[in-house]
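K.L.:
What follows is the residue order along each chain.
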Amino acid sequence: MNVVTLKHIGKTYHLDAVDVPALIDIDLEIRPNCFTVISGPSGSGKTTLLNLIGCIDQPDSGEVIVAGEAVQTLSDDALSDFRARHIGFIFQNFNLLPVLTVRENVEYPLLLARVPAAERKARVAALIEAVGLSDKAGNFPGELSGGQRQRVAIARALAPSPNLVLADEPTANLDSHTGAAIIALMREMQREHHVTFVFSSHDPKVLAEADDAVMIRDGRIENIERREQRGEEAT
Amino acid sequence: MRTVSLALRNLLRNRRRSITTLLAMVIGAVTILVFGGYSRNITLSLQTSYVMRGGHLQIQRQDYFLYGSGNPAAYGISDYQKVIDVVARDPVLAPMLTAVTPTISLGGIAGNFAAGVSRTVIGAGVVVADRNRMRGWNDYGLPMNIPPSALTGSAADAVVIGNGVARVLELCEPLGVPNCKKHAQAEAEAGVAAPADITALAALESRPAATAGEARIEILAANVHGAPNVASLRVVKAERQGFKELDDMYVGMHLAQAQRLLYGGEKPQATAVVLQLAHTRQIPAAKARLAELLASTLKGQPLEVQDFEALNPFYGQAVGMFAAIFGFMAVLIGAIVLFTVGNTMSMAVIERTAEIGTLRAMGLRRSGIRRLFMVEAMLLGVIGAVAGVAAALCVAWLVNHAGLTWVPPGQADPVPLTVRVWGETAMMIGSAALLAVVAVISAWWPARRAARMRIVDALRHV
Ligand SMILES: Nc1ncnc2c1ncn2[C@@H]1O[C@H](COP(=O)(O)OP(=O)(O)OP(=O)(O)O)[C@@H](O)[C@H]1O
Ligand SMILES: [Mg+2]
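Those protein sequence lines, which keep their order, are chains S and H.
Read in order, the letters of the first sequence are residues 1 to 235 in the working numbering.
Read in order, the letters of the second sequence are residues 1 to 462 in the working numbering.
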C-alpha cells in the first residue's frame, strides 16, 4: 500500500487580483520505504506539494490520503495528532527550538506522542548517537553548526517513528560538502528505520540518491522516474 | 510541568523585555500596596482614636441619637448602673469587653466671668479610670502613645478644656496654651461679654476664692427641668483636640460633676453607656447579644445601641473615600499592566511565528500553542506579583524607618508615618492576584492569534 496517494490535486493562491495556480491536477503515489525526491525549478510548486502531503495545508480540490487516512476529513486537533504520530518534518532553516537542548529537541515530539519516559530516554539517546551528536546532547542549537543542527532535526523527525518524513530543501542552507553528508545520513536512516522520505531539491547529488524522482514544472508533474528504471540506467 | 519550564526559558530568552515588563508590574504593585498601606494606616488610626474616645458601641436611650443633644437631661438612662451590671456580667459580652462605662454629654455655656467672656461648649462627663483604660486600646499595634487623662487623680471640680476653648476664654496664660496672642481689646470693643443674668447666676454659685495663676471657668447648663444650673470648675489642663470643631468646644469633667449639672440633687442618670470591645470585628456579635439583652433583662428601659461608625459618620466617609481612591488606582494600574504584558506577549508571538509553525507541524494542537503563551504570561504575572509585593514590603519598611512623622486626621499629636503593608494579608494577596489575573487575561488575545495562525504561513515567516 502506498504511504501517500494524491488524486486530482489542485491548489491556487489568490494574490490581490491575480490567481496563481500552484498545483494543477496532480496525481501521485509515493511508495513506502523509499527515498523520493521532488525536483523542479523555483516556483514550480514543490513546497506547496510537500505542505499538502505533510497535512499542514489543504488543497482546493482533489483528495489527499496519507497512511490510509483521508486526511481532509479530520478535524484540526485530529490532524495535529495524526501529524504527531505519522509525519516527521525537516526544514530548510532547521527550525529547532532554541530554548531546548539537543536532547530536549529530539525528545519534544515524543512528549507530543505521549511516549513513556523510559522509552523516550532510550530512543532519544539512540537517535542522537545515530546522528553522531552524543557529545553535544546537552548543548543548545545556537551552539551548533548548520550541519549539526540539521542532524538534530533529522533525529527529531525520526523520533516518534513516523511513517513519513518530509524535507523541503534540507540542504539549501548548507555548503555542498555538509549537504552531501546530510543526504548520506538521511539515506542511511531511511534504510535503517524503514521510513518513507520525501524531499524537494534542486541538488543533483540528492537526485542521484533517490529511489523515485518526481519532476514538476509549473504546477504539473512532468515526469516520474522509479528506481527500477533508474537502476537500469545506472548499470 | 514541561510547559512551565518551556515558558520560563522563553521568558529568559528575551531577558531585557521580560525585566522591563516585570518592572512595570513591580511599580504597579508597589504603588497600589504602598498607597493601600498608607490609607489603611490612616483609617485604622482614625478608628483607634474613635474607639479610644467613644468605645465601639454606645447604649443610649431611644431617640437620644436623633433628638437627645438638644436636651440630654430628658434623654438620660435612668438606671444606667443596672445596664452596666447586666452587660459586664453577661457571659457572652463579658469576654469581649475591655471597658463598659457611663458617660454624659451635655451642652452648655462656659464662661470666664473674671474676663467677661463666654462661649457654648460640649461637656463630657466621664469615669476617668475607665477612660484611661480605654485609651490603652491599640488592637492594630499603632505607634501611638496616649498619656492618661489630665483628669486622673484630680479633684471633683476639675475640668480639661480644648485649646480653642482656652483661647476664647482668655485662659491661655495660666494654662500655657501656645499660639494665642492677646486681643481682648478688640473683643471688648465689639461688646462680647457675658449677659448680665448669667453673671448674676454665677454669683449664686458658691465660688472658692481663686488662687493666683489658677484657671477657673463657670459652666452653665440646663437641668432636667429646663432651669439653668451653674458650676464653677477648675481647669487643670488645656489639651489640643484633633478636630478644630471639638477643640473649640470641648470641656471634659468627672461624671459626678456632669451629673450634678444636669440632675442637681435628683437621681443621677447617664446619657450613654459606652462599651469598648477587644476587637472591632466583634461588633456584630456584641450588637446581636445586646439586642437580646435589651429585649429581655433590660426590657424595662427604652434603649438602643449605636456603633462607632454611626456615631462618627466621618469614619465611614474616610474609609469610603480611601476605598474609592484605592479602587481607582487599582483599575488604572490593572489597565497599565494589561497593556504592558499584552504588548510583551504580542511581540513574543510575532518573534516566534516560525517556531509556532514548527510546533504545529510537529503535531502540537492549537490549544497547546495557546497554553504555551498563557502559561508564559501567567509566569510573568506571578513573578511580577511576588516581586511587586516583596518590593512594596521593602518600600514600606524604608518609609516606616525613615523617621517621618505626621498628624493623622482626628488626632492632636504627630505620630510616626506608617505604611501598613506587612500584616495586611488580604490586601497583599488581593493585589498580587489582581496582577497575575490581569497578566493572564492580557495574554488571551496574543495567545489566540498564535493558536489560529495558518501553519504554512507561520513557517514561511523568517
Ligand atoms: N503563500 C503564497 N501566496 C501566494 N502565492 C504563493 C504562496 N506560496 C507559493 N506561492 C506561489 O505558488 C507557486 C509555487 O510556489 P512554491 O513555493 O510551491 O514553489 P517551490 O517549487 O517550492 O519554489 P522554490 O524552489 O523557490 O522553493 C509560486 O508561483 C509561488 O509564487
Ligand atoms: Mg520551496
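One should not assume that every hint holds.
Anything over 10 Å on all C-beta distances counts as not near chain H; from chain S, calculated [said to hold, decoys possible]:
1. P32
2. G54
3. I87
4. N93
5. L97
6. P98
7. L100
8. L112
9. K136
10. S161
11. A181
12. D203
13. R226
What follows is a set of in silico ranges between Cβ atoms, one per label pair, in the way DEER data are often shown [said to hold, decoys possible]:
14. S:E119 to H:A433: 38 to 46 Å
15. S:A70 to H:I27: 51 to 59 Å
16. H:H461 to S:A122: 54 to 62 Å
17. H:R454 to S:A70: 17 to 25 Å
Hints are computed from structural coordinates only; laboratory data are not their basis.
Here a beta-carbon is modelled for each residue, glycine too, at the ideal position from N, C-alpha and C.
K.L.:
Does each hint hold? Answer for all of them.
P.N.:
Okay, the hints, checked on the actual structure:
Here P32 (chain S) stays apart from chain H, with its beta-carbon at least about 21 Å from theirs, past the 10 Å limit. At roughly 7 Å, the least C-beta separation between G54 (chain S) and chain H is not larger than 10 Å, which violates its mark as non-interface. Not every C-beta of chain H lies more than 10 Å from that of I87 (chain S), the closest at about 8 Å, which undercuts listing it as non-interface. Annotated as non-interface, N93 (chain S) brings its C-beta within 10 Å of a C-beta of chain H; the closest such distance is 7 Å.
Non-interface call for L97 (chain S) relative to chain H: violated, since the shortest CB-CB distance, roughly 6 Å, does not exceed 10 Å. Look at P98 (chain S): its CB is around 7 Å from the nearest CB on chain H, not clear of 10 Å, so calling it non-interface is violated. Not every Cβ of chain H is farther than 10 Å from the Cβ of L100 (chain S); the closest lies at roughly 7 Å, contradicting the non-interface assignment. For L112 (chain S), the shortest C-beta to C-beta distance to chain H comes to about 5 Å, within the 10 Å cut-off, and the non-interface label is violated.
Distance check on K136 (chain S): its Cβ is at least 18 Å (rounded) from any Cβ of chain H, clearing the 10 Å threshold; non-interface status holds. The Cβ of S161 (chain S) lies farther than 10 Å from every Cβ of chain H, with a closest approach of about 13 Å, so its non-interface assignment holds. With a minimum CB-CB distance of about 23 Å to chain H, A181 (chain S) clears the 10 Å threshold, and the non-interface call stands. The beta carbon of D203 (chain S) is kept farther than 10 Å from every beta carbon of chain H, the shortest such distance being approximately 21 Å.
Look at R226 (chain S): its CB is around 28 Å from the nearest CB on chain H, clear of 10 Å, so calling it non-interface holds up. Taking the beta carbon of each, E119 (chain S) and A433 (chain H) are about 41 Å apart, inside 38 to 46 Å as hinted. Checked against the hint of 51 to 59 Å, the pair A70 (chain S) and I27 (chain H) passes, with Cβ atoms roughly 56 Å apart. One distance hint, 54 to 62 Å for the beta-carbon pair H461 (chain H) and A122 (chain S), is violated here, with the actual separation near 35 Å.
Remark: the range hint 17 to 25 Å for R454 (chain H) to A70 (chain S) is upheld by a beta-carbon distance near 21 Å.
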